[in-house]
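Line order of the protein sequences matches chains S and V. The first sequence maps to residues 1 to 114 in the working numbering. The second sequence maps to residues 115 to 227 in the working numbering.
Hints are supplied without guarantee of correctness; some may be wrong.
Distance windows between CB atoms, simulated [unchecked claim]:
1) V/Gly115 x S/Pro8: 27 to 37 Å
2) V/Thr140 x S/Glu54: 40 to 50 Å
3) S/Phe69 x V/Glu130: 44 to 54 Å
4) S/Asn59 x V/Arg209: 31 to 41 Å
5) V/Lys182 x S/Leu83: 21 to 31 Å
No lab work stands behind these hints, which were simulated from the structure alone. Ideal Cβ positions, reconstructed from N, Cα and C, are used throughout, including at glycine.
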Amino acid sequence: DAGVTQSPTHLIKTRGQQVTLRCSPKSGHDTVSWYQQALGQGPQFIFQYYEEEERQRGNFPDRFSGHQFPNYSSELNVNALLLGDSALYLCASSGIRGTGNTIYFGEGSWLTVV
Amino acid sequence: GNSVTQMEGPVTLSEEAFLTINCTYTATGYPSLFWYVQYPGEGLQLLLKATKADDKGSNKGFEATYRKETTSFHLEKGSVQVSDSAVYFCALSLRGQGGKLIFGQGTELSVKP
Numbered sequence: 001d002a003g004v005t006q007s008p009t010h011l012i013k014t015r016g017q018q019v020t021l022r023c024s025p026k027s028g029h030d031t032v033s034w035y036q037q038a039l040g041q042g043p044q045f046i047f048q049y050y051e052e053e054e055r056q057r058g059n060f061p062d063r064f065s066g067h068q069f070p071n072y073s074s075e076l077n078v079n080a081l082l083l084g085d086s087a088l089y090l091c092a093s094s095g096i097r098g099t100g101n102t103i104y105f106g107e108g109s110w111l112t113v114v
Numbered sequence: 115g116n117s118v119t120q121m122e123g124p125v126t127l128s129e130e131a132f133l134t135i136n137c138t139y140t141a142t143g144y145p146s147l148f149w150y151v152q153y154p155g156e157g158l159q160l161l162l163k164a165t166k167a168d169d170k171g172s173n174k175g176f177e178a179t180y181r182k183e184t185t186s187f188h189l190e191k192g193s194v195q196v197s198d199s200a201v202y203f204c205a206l207s208l209r210g211q212g213g214k215l216i217f218g219q220g221t222e223l224s225v226k227p
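Please construct the entire structure, taking both the sequences and the accompanying hints into account.
In structure tokens form, the structure reads like this:
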């Protein structure tokens, strides 16, 4: 049973560019959440998707947007990249429209903005 | 607001020592509480959880008890191993906000042989 998978694992972007990160949830899960983890910090909730709609959002600017596809996979898009966007981006999945207790994380996508 | 506070690290212990990592929380309502572990270069793995007051979560020799009266969820292990070296995160989720976790800042544990 595949867990949460993310791609790419590492990428480097230039300030002002745009980036797209991808996530496939664990089999049987319908809810995907995205987190940003800066170096030495705990993960911060960005937003959550189920039924192809954004359901909850953390304190992140509109430069951060997402999408969920009919197969429950998801993308995180960040526009107009800033140096401060450099972080590990974690995707998490859960079941039952987000009410399932156990949340599983992928290994993350390391984004470096130069 | 809702938040989680962990003891600062790094924590350095010798193998077979007793481990305690303190975690306290502030939350509206009755949260579920979690400990996640992050090994170097990896994502987060759920270590244990507790969903109501006085519940004890346990896994791989680690334990934590949900203490509503002290709003705490301290992580303990009786005898640590070198392989336990990692960063440990305490987190909470609120009812009606499933899938959204609020994390502490993490505590780095280093176990020496």
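### Message
Tell me the numbers of any earlier hints that the structure contravenes, in ascending order.
### Response
2, 4, 5
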